[in-house]
Amino acid sequence: MPHLSLIEQSLVTGLLSGGLYGLLALGLSMSWGLLRLVNIGHFAMALLGAYLTWFMGTQLGIAPWLSGPIIIAAFFLYGIALHWVFMRFGVTEMQSMLITFALAVIVEASIQTLWTADFRRFETPWGRQSWIAGSLYVPKLNLLAFLVAALLAASTWAWLRYTYVGRALRACAEDAPIATAFGINHRGLSFLLSGLCAAYAAVAGLFIALVATLAPSEIWTWIGVVFAVVIIGRLGNPLGALAGGILIGVCEALTMAMVNPSWAPLVSFSVLIALLLFRPRWI
Amino acid sequence: MDLSGNRVLALIGLGALAVGLVVVPATNIPPYYIAFLYLVFFWISMATSWTILSGFAGYWSFGHAAFFGTGVYTAGTLAAKLGVPFLLTLPAAAAVAAALGTGVGWLVFRLKRLRGELFALMTISVTFVVATIISNTPLDGGAGVYLISVPVPELFGSQNGTIYTLGLIFAALAVAIAYTVYRSRMGLGLFAIHDDEDAAEVKGVPTFRYKLGAIALSSGIAGAVGGVYSIYVSYVTVGETFEVTVIMYPVVMSIFGGARHWLGPAIGATIITVALYGFPVGAQAALVRGGVALGLILVVLLLPEGVMPSLQRSWRRLAPALAPARSLPAALVPSPRSIESVAIRSLAPVLQCRDVWKGFGGVQALKGVTLDVRQGEILGLVGPNGSGKSTLINVVTGHFTLDRGTVVFNGAPINDLSAHQVARLGIARSYQIPRPFNHLSVLDNVAMAAVFGGGSSGREARREAVHWLRYTGLAERAFDMPRQINLHERKFLELARALAARPRVLLLDEVLSGLNNAEIDEALKLIRDIRAGGTTIIFVEHLMRAVVALSDRVAVLNGGALIALGTPEETMRDKEVVNVYLGKAHAS
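First to last, the protein sequences are chains D and S. To convert, note that position 146 of the first sequence is 146 in my numbering; the numbers rise steadily by one, no gaps. To convert, note that position 314 of the second sequence is 314 in my numbering; the numbers rise steadily by one, no gaps.
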C-alpha cells in the first residue's frame, strides 16, 4: 500500500491534469453537441498550438502572454474557415470525422517535418515553481491551467444557459430547420461557435506547452482520453466536460501511483466501457 | 446462363489474369516486384475488409490497425514463442481479431443514439489500448518479436513465394467475401442500415445481428492478413504495427475506389498502392502520410462515391452485353400470408393492446391504453397532436419498448420482441414523412421489404416488388432513386413497401397528408382494396372526411388515454370527443 501522502499528492496531480483534459474536451464537446460535427482534429490543433507557443517562446523569443493572443486569434479564424468548408460541402456528422481525422494526420505530419519527432520542452522560469502545502506540492502553472479551464467551462456554461445566443444554439442543435424558421441566424452562430472551439484548442495548447513535454504522437494518445471525457460529461455540456476531465485525471493519477504508470492509458477506456455496459442510457 | 461472346471473352481474360498471378513467383521476376505485388494484395485485402462493414453499413471503423495488429501479434506470439506451425497461426489470428471486433461492436451497436460516432471513436481508442496492452505485457514488452527463425513452408522454391501466394489467397478471399455479402440478403440489409437504420429494423432487417456479422468478417480478414504480414516483415514492433497509416490507408483506398461496391476498394487499393510504392522517390514518411491525408479530404469532399460509379458507366458503354439488364422482371402476384382458416373479416381480435404505458422522461405518452383490433377491420386512430397516436404505432411495431402492459398479436405477446421480429410476424407500417432508403432504387426499396418483412427470396422479391409498384402506380419509376420522385410518389412508395411485407396488420401513419383531393380518392380506393385482401388496417389520420369514409370503427386518443371507441357516427357525437376537438362551448 503506497504512503497516504502519495495518494493525496496524486489526487492533487490528477485534479490539475483533469482540468487540462476538461479544457481539451470543452471544444470537442461544444462542436459535437451543438454543431453535430465531430472534430477529431481538435487534439491536433491543440498540439499545434502548443508547438507554436514553444516555437515562438524558444526560437523567436516571444513570451507566452504575447504569443497566446496571436495564436488564439489565428485559431479562431481557422475555426471559421473550417466551418465554411463544412457548410460549403454540406458535410455530414460522419464525414466530418473523416475530414478532421485527415486534418489531424496532416498537422501531425507537418509538426514532425518542421520540428522532428524529438521531445520538446518549453523551459520557463515559472515552470518549476510550486506552492507547498504541508506535504503537498502544487505546481503553479498547472494550477493556473486548472483555474483557466474552470473559468472557461463556467463562463461557456453561463453563456449557453442565460443568453439568447446560448438558447438559440441549443435550439439549432435540436432542430436546425425549425430554429431557422423562427428567425435564428444559425449560420452566423455556428461560425462563431466553430471559431470559439478552435480558440479553446489554442488555449489548451498554450498550457500544454507550459506544463508538458511535447511530441507529435501525443495527438493519438489524447484522442481516447478526451473522447471518453466528452461522453462522460455529456455532449454540449461545458461543466460536464470539466467534471469528466477531473474524474479521468484523478483515476489516472491514482492508477499511476498505486498500480503502474504505464497502465494509465487504459483508465479512460475502462471507465468508458463501464459506462457503456452499465449505463447505456447515459449516452 | 447467357454465354454471349463478350461474356466468354471476359471470363477468359479473368482466368488468364488469375493463372498469371498464381504463377508469378515461379518465373524469374526480381524479388522486388514480387514483394511489391504482395503489398498490393495486402492493401486490397485490408481495404476490402474495411468496406464490408464501413462501406456497406456506414459504420466507419478507425480501428483497422487494432484488428490487423491483433492478428500480427497473435501469429507472432504463437509462431515465434510457442512454436505453433505458422500456417496454423493464421486461423487463430483471424479468430482473435474477429473476437475483438465483435466485442467492440457488441458494446456500441446496442446504443440508441450516436452509434456511428461512438463506434468510430471507440475503434480509435481500441487501437491505442490494444497497443498499450501489448507493449506493457510479455507479448511484446517493448522489445518487438522476431519471426526470422519461424519455419515457413516454401512454395515455388522460396519463402517469398509462400508469402506472395498467401497474400494473393487472402486478397481473393476478401474480395470473394465482399462479393458474396454484397449479393446476399445481408448485403441488402447492410445497405438499408447505411441509409436509415431504424427504418431498416422496422422493415424486418435484423440490424444488430447483421452489424455484428459484418464487423466479425471485417476484423477477421484484417487479423488473418496481419498474420501473413508478421512473417513478411519478420520483426514486428508495436510502434510500426499500430501506426496511424494502417488506420488511414484502407479508408482512403475504399472511399477513393467506391465503398458501396464490392470491387471498389480493390480498385482504389491498387491505384493508391501503385502511386505510393511504385515511385520510390525517397520522400519522408511524414510527408507521404500528410499527402495521403490531404487526398482523403479531397476524396471525401469532391468524390464521395469514389471512382466506381464512373467506371461502371464506362463499362456499360463499352460492353453493354455484360452490364445487368435494366428491364423490369415479370410481375409475380405474391400469395397472401397463410391465414389459418381465419375469415377475412371477423370479430376475433387480431391485435390487442392491454393497459399499455409508455413515458419519455417526464412526459407520459401512453397512460394505460387498452384496445382490441378485429380481424379485417379498418380502424381509424384519431386524436389531437401529442395524444399518443404515433407512440402507439411505435410501441406496436416494437420500435419502443413498453413501460407496462402487453401487446398481443394472434394470441401471443409481442411486446418483448425487437422490431424486426415483429415485422416478420406480419405487422408493417408506413411513415408519415416517407423514409425510403435513399441509395436503393425504388424497386429495391420495395424488394427489400418483401425479403425482410415478407420472407421472400431475392429473385421472387424483385418480381413481387414489380407487382406492388404496378399496384401503387409506380412501375414507371422502378429504376429511379427515391430523391428523383415527388412527394406524392414517395407516399405511394411507402405504401408499396409496407404492402410488400404482405402484412396481416398494416399501420398507416398519415398517408394522406400533403396529397390533393384526386390523389386522396385514389389512396382511399387503394386502402379499401388492401383490406379486401384480408389485411387489417389501422390508420392514423387528421383528415376527418377520410376517417368517416373509410373506418369501420374509430378510436380516439387524448393525452395518452383512449377516450372513445365505436363506429364513426358514434364517436363523432361523443361529448368528450367533441370537447377535445372543438372546445367545451360546442359540447353543450
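If you are wondering where the hints come from, they were derived from the structure by calculation, not from laboratory data. Please note: incorrect hints may appear among the correct ones.
[What the hints assert, rightly or not] Lysine to any residue pairs mimicking SDA-like chemistry, simulated, CA-CA at most 20 Å apart:
#1 112/S x 174/D
#2 112/S x 276/D
#3 367/S x 405/S
#4 112/S x 234/D
#5 112/S x 280/D
#6 112/S x 273/D
#7 112/S x 175/D
#8 112/S x 141/D
#9 112/S x 367/S
#10 112/S x 143/D
[What the hints assert, rightly or not] Residues of chain D placed beyond 12 Å of chain S at every Cβ, according to the derived structure:
#11 97
#12 225
#13 251
For every residue, glycine included, the Cβ atom is placed at its ideal position computed from N, Cα and C.
The hints, checked one at a time:
no. : hint          : verdict
1   : 112/S x 174/D : holds, 16 Å
2   : 112/S x 276/D : holds, 11 Å
3   : 367/S x 405/S : holds, 10 Å
4   : 112/S x 234/D : holds, 15 Å
5   : 112/S x 280/D : holds, 8 Å
6   : 112/S x 273/D : holds, 16 Å
7   : 112/S x 175/D : holds, 18 Å
8   : 112/S x 141/D : violated, 42 Å
9   : 112/S x 367/S : violated, 23 Å
10  : 112/S x 143/D : violated, 39 Å
11  : 97            : violated, 5 Å
12  : 225           : violated, 9 Å
13  : 251           : holds, 15 Å
Hints 8, 9, 10, 11, 12 from the earlier list are contradicted by this structure; the remaining hints agree with it.
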